[in-house]
Amino acid sequence: MRSFQTLRLIVLAAVLAGSLPGAAYAQASRDQVDFDQAAAAFAQGDTALALAGVERILARSPDDPNALYLSALYNFRLGNNEAARGRLERLVKESGNLAIAWESLVAVSQAQGDLARRNQALDRLKLAIRSAIDPRVRRKADIVRDRIAVGGAEIMGVEYFQRGGSDFTRYQFTLGDPREQPDVGLLLRTDAYTSENWAATALMPSDKQLFHLDLVEPQPGGDPKVAVYEYYVGEPDYDKVRAKVMQILRGEAKPLSGAPGKPGGLSGILKR
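Numbering (the numbering used here), first residue to last: 11 to 282.
Since the hints were made in silico from the structure, they are not lab data.
Accuracy of the hints is not assured; some may be wrong.
Cβ-Cβ distance ranges computed for the label pairs, FRET-style [claimed, not checked]:
hint, residue 1, residue 2, range
1, 212, 58, 56 to 62 Å
2, 137, 201, 19 to 25 Å
3, 233, 88, 37 to 43 Å
4, 187, 137, 36 to 42 Å
5, 178, 140, 18 to 24 Å
6, 178, 46, 37 to 43 Å
7, 136, 176, 21 to 27 Å
8, 46, 125, 44 to 50 Å
Predicted model only: the values in this text are computed from it and were never measured.
We put the CB at the ideal spot given by N, CA and C, even for glycine.
Construct the complete structure from the given sequences, taking the supplied hints into account.
Right, here's the structure in full:
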């Protein structure tokens, strides 16, 4: 299955080569204008105007994969979860194993509380990653599981699903893209030192691994500030971790150790 970028480049190449019939050439040109205007509007923070642009494309080409994806993205950002879901369901029906479509459906289904569909989408996403023709997709080692609206921004929740061993982070939640901010935000992680300490004091069987949910905030010129909110004997599932994360974001949880974070940080952000 071709990627969105590949599909778009095929249309653009045909336009530039003059190989499209007159009517198709005109439509492709109009589509490109609307795509460019939508991208500019979204970059400037006008998501409603961006959505209007891609909806014009869908009025002419109801199955355009780029427009379906962008319509879902913009609707989701505007809180129109049902509309976003409809666009994505149509897209995955048309596109089959397109990883980015299934990944978006995971986040939208999560926002709707439809965990059965989320789990189905998650399974299809992992299949799409394993079976992708594009080696860059096959190397993908993380999944965006959540996009939690906060004013005009969003908290993204990422699962690093291919990590393992004694020291790693499984889930990360932060404002913006966690993958661009390693070891910042709310982190579900494990490390050999803490696991060994718990096992040595009989708090945990020696064959178990200890995970902890930490709020990590970088400090200028020094070590980051760390607050531990929860310990888990054995790896917890995503829903258990997310429930605790939502308590922290709503300001309903206090750390077991460390300070709850700076004013304006993640702790209590959903009630401000």
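The hints, checked one at a time:
Taken as a hint, the range 56 to 62 Å holds for the pair residue 212 and residue 58, whose Cβ atoms sit roughly 58 Å apart. For residue 137 and residue 201, the Cβ-Cβ distance of about 31 Å falls outside the hinted range of 19 to 25 Å, so the restraint is violated. Distance hint check: the CB atoms of residue 233 and residue 88 are about 40 Å apart, consistent with the given range 37 to 43 Å. A hinted range of 36 to 42 Å for the beta carbons of residue 187 and residue 137 is inconsistent with their spacing of about 24 Å.
Between residue 178 and residue 140 the beta carbon distance is about 20 Å. The supplied range of 18 to 24 Å therefore holds. About 41 Å separates the C-beta atoms of residue 178 and residue 46, a value consistent with the hinted range of 37 to 43 Å. The given range of 21 to 27 Å is respected by residue 136 and residue 176, whose C-beta atoms sit roughly 24 Å from each other. Between residue 46 and residue 125 the beta carbons are some 38 Å apart, a value that contradicts the proposed interval 44 to 50 Å.
Taken one by one, the earlier hints fail for this structure at numbers 2, 4, 8, listed in ascending order.
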